[in-house]
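Undergrad: Sequences listed follow chains C and F, in order.
According to my numbering, the stretch in the first sequence is residues 1 to 396, in order.
According to my numbering, the stretch in the second sequence is residues 1 to 194, in order.
Take the hints with a grain of salt, since some may be wrong.
To be verified - Cut-off 25 angstroms, straight-line C-alpha distance, at most; resulting in silico cross-link-like pairs (DSS-like, lysine-lysine): (1) K119(F) - K150(F); (2) K119(F) - K145(F); (3) K165(F) - K150(F); (4) K129(C) - K118(C); (5) K269(C) - K153(F); (6) K119(F) - K132(F); (7) K132(F) - K145(F); (8) K119(F) - K59(C); (9) K189(F) - K150(F); (10) K269(C) - K119(F); (11) K132(F) - K269(C); (12) K165(F) - K145(F).
What the hints contain is simulated information worked out from the structure, not anything from laboratory work.
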Amino acid sequence: MSEVVALKNPRSGTRLRIGFLRLTDSAPAIVAQEFGYFAEEGVDADLVEEPSWANIADKLAYGFLDAAVIIPPLAFAIELGLRGISQKLVIPCNISLGGNTITLARDLALQVRETAAKNGISTPHALAKCLAGRDRPLSLGIVHAYSTHNLLLRYWLATAGLEAGRDVRLSVVPPARAVEALQSGQIGGFCAGAPWGEIAARAGAGINVASSDDVWRGAPEKAFAVRASWAEENPAALKGAVRALARAAQFCDAPENASYTGALLSRQKYLGVDSHAILSSLPGGAIAPDNQSRFWRGAAMFPWRSHALWFLQQMARWDLIGNVDTQALAARVYRSDLYRASVASLGVSLPKTDSKSEGAHAVRWELDASPNPIAMDPDSFCDGTVFEGAPDKVTF
Amino acid sequence: MPLTILLIDTEENRARALEDKLSQSGFARVVRAEGPDLAQAVERAKPDLVIIDMALPDRDALEDIRAVSAASPVVMFAGTDDPAFAQEAIAAGVCSYNLSGVALQDVRPIMASAIALFKRYHHVETELAAAKALLNERRLIERAKAILMKNRKMTEPEAYRWLQKKAMNESRKLAQVVADFVADVENQKRESKP
Numbered sequence: 001m002s003e004v005v006a007l008k009n010p011r012s013g014t015r016l017r018i019g020f021l022r023l024t025d026s027a028p029a030i031v032a033q034e035f036g037y038f039a040e041e042g043v044d045a046d047l048v049e050e051p052s053w054a055n056i057a058d059k060l061a062y063g064f065l066d067a068a069v070i071i072p073p074l075a076f077a078i079e080l081g082l083r084g085i086s087q088k089l090v091i092p093c094n095i096s097l098g099g100n101t102i103t104l105a106r107d108l109a110l111q112v113r114e115t116a117a118k119n120g121i122s123t124p125h126a127l128a129k130c131l132a133g134r135d136r137p138l139s140l141g142i143v144h145a146y147s148t149h150n151l152l153l154r155y156w157l158a159t160a161g162l163e164a165g166r167d168v169r170l171s172v173v174p175p176a177r178a179v180e181a182l183q184s185g186q187i188g189g190f191c192a193g194a195p196w197g198e199i200a201a202r203a204g205a206g207i208n209v210a211s212s213d214d215v216w217r218g219a220p221e222k223a224f225a226v227r228a229s230w231a232e233e234n235p236a237a238l239k240g241a242v243r244a245l246a247r248a249a250q251f252c253d254a255p256e257n258a259s260y261t262g263a264l265l266s267r268q269k270y271l272g273v274d275s276h277a278i279l280s281s282l283p284g285g286a287i288a289p290d291n292q293s294r295f296w297r298g299a300a301m302f303p304w305r306s307h308a309l310w311f312l313q314q315m316a317r318w319d320l321i322g323n324v325d326t327q328a329l330a331a332r333v334y335r336s337d338l339y340r341a342s343v344a345s346l347g348v349s350l351p352k353t354d355s356k357s358e359g360a361h362a363v364r365w366e367l368d369a370s371p372n373p374i375a376m377d378p379d380s381f382c383d384g385t386v387f388e389g390a391p392d393k394v395t396f
Numbered sequence: 001m002p003l004t005i006l007l008i009d010t011e012e013n014r015a016r017a018l019e020d021k022l023s024q025s026g027f028a029r030v031v032r033a034e035g036p037d038l039a040q041a042v043e044r045a046k047p048d049l050v051i052i053d054m055a056l057p058d059r060d061a062l063e064d065i066r067a068v069s070a071a072s073p074v075v076m077f078a079g080t081d082d083p084a085f086a087q088e089a090i091a092a093g094v095c096s097y098n099l100s101g102v103a104l105q106d107v108r109p110i111m112a113s114a115i116a117l118f119k120r121y122h123h124v125e126t127e128l129a130a131a132k133a134l135l136n137e138r139r140l141i142e143r144a145k146a147i148l149m150k151n152r153k154m155t156e157p158e159a160y161r162w163l164q165k166k167a168m169n170e171s172r173k174l175a176q177v178v179a180d181f182v183a184d185v186e187n188q189k190r191e192s193k194p
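Next comes chain F alone, as it looks inside the complex:
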């Protein structure tokens, strides 16, 4: 008898990947929550386990002990002596509620899959954000250099050294100094327009 899992995750790709993985295992039947009324979704799906993205505020709705189940739902791995596993889940940003009192050792491999997937997505997101920040920083440095070369008749190496020195003097990161410099120049330009 496979477990019924209600999956609440608005990150579409991640949710589909987890659904595929769990369904293939044969241990679980995955239902996705539709609509904002989670109590209703729980009532309809009657899941053994709810897996939810911790970034969603909807998690509080699952804690409504009366609406969700007759008994108190078990959050994560409360009651087991394995806090490290729950900590891993929190760090990955995923949480589970055990609603039907299914044995915790049966839940464990399912949550392990969820944790692995959330970790991988988190990793991709972090890399993407870092790449975007780097790209933006380079763009701003080019813009700052162009301003200095035009307004102060500096050469390119001079402009770059000037920015570096400013960052050093102000004990700030080059990226911050450059961002503020460009913003200031653009603000002045906007204000001086009639």
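Bound conformation, chain C alone:
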């Protein structure tokens, strides 16, 4: 009898169904699965590729997924029941920083670049100048209404006085359709996650004129969201999953692993696109990178309360959320306590606070952390703003 069981290779561990989209920054989840990190931590992970953010949201809301690699504004929308039934979520760790491009149709991009160079002005100001004489507003694609892309793009446009709805028309275009939408003229540009900007560039349809870092250096991008009820019922497995992701993040962040990770992601069952297009946004994957994801360095996995508050502030700015207690919501969803408890056994350095001044660092800096300080990259905004999200800084 035991032989029969052995032959069937029974699955063991706590089952965790993780939804992901065909994006470069799904890398840590994919690596954690392929290298057996989840299994080693007692987590029987199922990686489920979804075609849309809407599917991720509905499947989390109705319990078809336990977790997802998600854009944080959408996690808040699900939590608040803004696009369907509400589901309580927790974010025990961040997944990536940076990685989006603002890509414009080739002709417009060249015109914007020339205008910027000739007048010595920033790219968004040059775009505003180029759009001044147009009779109909430029149409730009974003990936979802509740996306980091929507917030970053609006922020960037606003620095040059461009407003969505008035000067440009934002419409949702799935990134896999963005290349054909650019070529057909349905949109004049888009903001999307890697590798889609690179794919548009390789197809000759568009040029990347800015990246996440040009809006907000080290902008938080994807997070790991888990249904709160799953997290409560499976505390050990939750910590195991976060540790598995932390190990995978370190692998994905090492420049020498870029080609390996790129090849792994390019498989049909994951991204199903040319590995060279993926490579250019992986750490160490390009000689002159114009858009790069970070997974580990600079405390990339830490779920900063100040990140959560920035997203909520921007969602309120553009009328995407009503009157909510953002401090309470950020504290409920962004669970740095879970991250701290999960990775403690790995001996990694942890920040001494849950919030930081966002935008205060124009150069590399050192974060006060225990046991050792953490080397941090700049975090400035394109308009020089400093965002102090949380007034009450708790020290650990």
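Given chain C, work out where chain F should sit, using these hints.
TA: Below, chain F alone, put in the same frame as chain C:
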């Protein structure tokens, strides 16, 4: 006054079947989305309800609250106390957006038809995939046996037992072992060619 339904489904037969069924009921007027710009399709058709195949990435375009309708579109059966019905729809792979605030009990029979059709198509697809896999497995076993009989001078029953034993020893499915075996032999053949 029949409801206007915008149907977004690239599976032609399924879409036509659903269109027929809903149109015959007299409750609904069905419009098919043409072209990739869904916001435009919604603007033109002014539907009360959108029914969409969940396998399409285009679903995200419908969530653009400003482009799609003045008010927030209601996804599926949000706001009702019947999550089981929405779960059934998700399991079948179909989703709806209520755009005009039409009463949910009026939407329910329409979605029930859609769910039934999607389920039936899913069932047919699964059976077709299983039949194809079985056929492919048989073809590969025949190929593996032929290789063993030729290269190792085995009889047919010996060749089959050899493959079974290999699968048993490696704790893998016969189909996987056979597929790898055939692929390896064919790779070697390709490499040994000048």
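Undergrad: All hints, please: hold or fail.
TA: Hints versus structure:
{"no.": "1", "hint": "K119(F) - K150(F)", "verdict": "47 angstroms, violated"}
{"no.": "2", "hint": "K119(F) - K145(F)", "verdict": "39 angstroms, violated"}
{"no.": "3", "hint": "K165(F) - K150(F)", "verdict": "19 angstroms, holds"}
{"no.": "4", "hint": "K129(C) - K118(C)", "verdict": "12 angstroms, holds"}
{"no.": "5", "hint": "K269(C) - K153(F)", "verdict": "39 angstroms, violated"}
{"no.": "6", "hint": "K119(F) - K132(F)", "verdict": "20 angstroms, holds"}
{"no.": "7", "hint": "K132(F) - K145(F)", "verdict": "20 angstroms, holds"}
{"no.": "8", "hint": "K119(F) - K59(C)", "verdict": "18 angstroms, holds"}
{"no.": "9", "hint": "K189(F) - K150(F)", "verdict": "14 angstroms, holds"}
{"no.": "10", "hint": "K269(C) - K119(F)", "verdict": "24 angstroms, holds"}
{"no.": "11", "hint": "K132(F) - K269(C)", "verdict": "19 angstroms, holds"}
{"no.": "12", "hint": "K165(F) - K145(F)", "verdict": "13 angstroms, holds"}
When the structure is compared with the earlier hints, violations turn up for hints 1, 2 and 5 and for no others.
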